[in-house]
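There are 2 protein chains.
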Amino acid sequence: MRAEIISVGTELLLGQIVDTNAAYIARELAELGIDIFFKQTVGDNPGRIQDAVRLAMSRADAIIMTGGLGPTEDDLTVEAVAAALGEELVHNQEVAVHIKRFFETRGRVPPDSVFKQALVPRTAQVIPNARGTAPGVHFDRDGHMIFMMPGVPFEMDGMMRDYVLPHLRERTTGAVIRSVVLRVTGEGESAVEARIKDLIRGTSPTVAPYAKLGEVHLRVTAKGSPEEVAGQLSRGVALVRERLGELVYGTDSETLEDVVAGMLTSKRLTIAVAESCTGGLLAQRLTNVPGSSAYFVEGVVAYSNDAKVDVVGVDPGLIETHGAVSAPVAEAMAEGIRARVRTDLGVSITGVAGPSGGTAEKPVGLVFIGLTSSRGVLHRRLAFGSEPGRQGIRHLASQAALNLIRLQLLRA
Amino acid sequence: MRAEIISVGTELLLGQIVDTNAAYIARELAELGIDIFFKQTVGDNPGRIQDAVRLAMSRADAIIMTGGLGPTEDDLTVEAVAAALGEELVHNQEVAVHIKRFFETRGRVPPDSVFKQALVPRTAQVIPNARGTAPGVHFDRDGHMIFMMPGVPFEMDGMMRDYVLPHLRERTTGAVIRSVVLRVTGEGESAVEARIKDLIRGTSPTVAPYAKLGEVHLRVTAKGSPEEVAGQLSRGVALVRERLGELVYGTDSETLEDVVAGMLTSKRLTIAVAESCTGGLLAQRLTNVPGSSAYFVEGVVAYSNDAKVDVVGVDPGLIETHGAVSAPVAEAMAEGIRARVRTDLGVSITGVAGPSGGTAEKPVGLVFIGLTSSRGVLHRRLAFGSEPGRQGIRHLASQAALNLIRLQLLRA
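One line per chain: the protein sequences are A and B, in this order.
Yeah, the first sequence ends on 394 if you go by my numbering, and it's all consecutive.
Yeah, the second sequence ends on 394 if you go by my numbering, and it's all consecutive.
Excised from the complex, chain A in its bound form (with noise of 0.2 Å):
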């Protein structure tokens, strides 16, 4: 089966918004193992909404259109689509009785203007809309199926769940595709890909590099029957795996937090923390995990020096000798904090994260990072550079401070 979208909505071609829906509607097709050629994006304009449709049904089995829905003047999907096929467009008693419920349970009058969303073609079935009052439209015609459905992604979500996948779904000869992502943090993008060059070359299953900032993401995916999609899958995660040890840190929509975060939770260990350059962005991750006050007791954000004197201890003589950003002032922030919150472990950053405030011998990118437990002390010493900039280096610095955690936590 082929299938194409077609996005409604001259916003979208005016770029005041990015479209989400299409991507996810591809994934979800991609899932059922349904061949997408083609995308259209098409602005709220009658005649070429039918353009649209004519050519996709010139290509496609299925046709999914967002956008276009809604009770305004600029919403003419429906109307334009039915135009095309030359179908009628008849009140639907029981979308307008929907309408006025909706209206009603959230307390409010429905103006008239919304009652246009009652109006469907004469033949087609109406997706129902349990998030909002457009309905969805489907038709089926000449062995097309056509789908047109809000381009609110909340909306749309559940239309495409409830309705427009299952549909599908009976159709489909049973060919998935189907992917894992590993998560892989403590090397760049280059040196991770050397270690699995053949793979990436690999057909079945494929596993394609994604580059994101402080870590690469390795997409693992397999087509065929969800039996040999199984056994590719687990083949190829292995693989992976096997190359890259302790640089994989979890899979899917797994984040560092999350992980750090069971670990300290499995392990029943409490945390401090204190920042300098990341002004807070360390506690805000470790804390950003549901349950997390089960181990993070207190973080400090000691922007000032008299703030690393004063709340984490730290010996004013080494700031003097050594300079904020420096191992040893890292080495007593982590100490310090751990010592006057008494936790398990005890972390800091202190770096300079710029645009400004770098020298020849500190840089814009140098952060040095503190760990301390009952094992003792040590630092790390990283060099971002300044290209990241500002928030780059903020995120680069935490994103170690918690890889640092986690290789800590996976040796205790």
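Be aware that a few hints might be false.
[Claimed, not checked] Straight-line alpha carbon distances no greater than 30 Å define the calculated DSSO-like cross-link-like pairs of lysine-lysine that follow:
hint	chain 1	residue 1	chain 2	residue 2
1	B	Lys194	B	Lys179
2	B	Lys194	B	Lys344
3	A	Lys194	A	Lys344
4	A	Lys82	A	Lys98
5	A	Lys194	B	Lys179
6	A	Lys179	B	Lys205
7	A	Lys82	B	Lys205
8	B	Lys82	A	Lys179
9	B	Lys98	A	Lys194
10	A	Lys179	A	Lys194
11	B	Lys179	B	Lys205
12	B	Lys98	B	Lys82
13	B	Lys205	B	Lys194
14	A	Lys82	B	Lys179
15	A	Lys98	B	Lys98
16	A	Lys98	B	Lys179
17	A	Lys205	A	Lys179
18	A	Lys205	A	Lys194
19	B	Lys194	A	Lys194
[Stated by the list, open to error] Computed list of chain B residues with no C-beta within reach of chain A, every gap over 12 Å:
hint	residue
20	Asp1
21	Ala112
22	Ser207
23	Ala212
24	Leu264
25	Asp288
26	Asp292
27	Pro298
28	Ala365
29	Leu391
Read the hints as simulated data drawn from the structure, not as lab findings.
Ideal Cβ positions, reconstructed from N, Cα and C, are used throughout, including at glycine.
Once you have looked at the hints, place chain B on chain A.
Coordinates of chain B only, in the frame set by chain A:
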């Protein structure tokens, strides 16, 4: 002039990446007043790339293509388009030298595969790529301009700015589309819309609201000659500002933290923060702005009750009587951190971010913000509900705190 965008890449049709390039290009063309009626997305397949180009040539004057210009076997765009136009590919010595130098300055040896990119159509112009190895290609054929650029956003962006946009600008009539975004916080979308309903219905300029988490962006857009546009925009912006007053905190890409940072810096005021449920997010946002050491002195993430007592100096009796999530504790946290650090402002956040930990009396989403200065202490109670989720509640709480600081500074 009419333009059409063609995005090439199977990864787009599989939904593995979202097409942000197309949105960027569309915005830049709109800025020049160039109409886009269609956008196509096509996979890495020569026949289908040719179909897409032929279709675009039948209805557009300028065709902007991205993707499929790299060194791998999947990169077929130039070859396919050249074949569609009956063009031969020839070796371009200038490009080969550029590729060699690009690798050399990075201390690397170019692999042979990369020199495939030096094959360009005989009559085409090469678009220099200062940021990568794949050159862009520019054809003029039968009154159509065709531009091909790599899909890597960083490289595409440079070519658009330095080559494609200047070329298109020369050919346009002078009508432009331009927008200003007014950024609003402190009231919900429907309340904001109600105040400017008539402006939203207007046509010249148009005002379009976009709801974001914790803020609303109002895009004011005008089309016409540069002078007309400037007049319409300043009139539109003034009208919206008149209606919304202090709710408008900034324009275009200015963030709330940018605005607060600017006010603190220009008033030479210092700030310290004590956070609980936001876990460092407020400190992180306040220090996201370059030069933040001028005003930000210290932050504490006092996650446990002990930390609230020990580091922020909250009376344990207050926590016992009112609970950690309460107005008195919020005020005591703000006063405690300000007194210890001796800053002009002290700000605190305490709340229930969830998903667990809520009670009937203190449900998930309940947040108290404290603010103290030489003019006394105050608090705000906010009930976000559980719907925004943990990260949403944390963001909304930090947003409300920043806005409270902003409003206080407006009066200071």
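Results for each hint:
no. : hint                     : verdict
1   : Lys194(B) with Lys179(B) : holds (18 Å)
2   : Lys194(B) with Lys344(B) : holds (26 Å)
3   : Lys194(A) with Lys344(A) : holds (26 Å)
4   : Lys82(A) with Lys98(A)   : holds (12 Å)
5   : Lys194(A) with Lys179(B) : violated (42 Å)
6   : Lys179(A) with Lys205(B) : violated (51 Å)
7   : Lys82(A) with Lys205(B)  : violated (38 Å)
8   : Lys82(B) with Lys179(A)  : holds (22 Å)
9   : Lys98(B) with Lys194(A)  : holds (26 Å)
10  : Lys179(A) with Lys194(A) : holds (18 Å)
11  : Lys179(B) with Lys205(B) : holds (21 Å)
12  : Lys98(B) with Lys82(B)   : holds (12 Å)
13  : Lys205(B) with Lys194(B) : holds (25 Å)
14  : Lys82(A) with Lys179(B)  : holds (22 Å)
15  : Lys98(A) with Lys98(B)   : violated (56 Å)
16  : Lys98(A) with Lys179(B)  : holds (20 Å)
17  : Lys205(A) with Lys179(A) : holds (21 Å)
18  : Lys205(A) with Lys194(A) : holds (25 Å)
19  : Lys194(B) with Lys194(A) : holds (24 Å)
20  : Asp1                     : violated (6 Å)
21  : Ala112                   : holds (15 Å)
22  : Ser207                   : holds (19 Å)
23  : Ala212                   : holds (19 Å)
24  : Leu264                   : violated (7 Å)
25  : Asp288                   : violated (8 Å)
26  : Asp292                   : violated (8 Å)
27  : Pro298                   : holds (16 Å)
28  : Ala365                   : holds (18 Å)
29  : Leu391                   : holds (19 Å)
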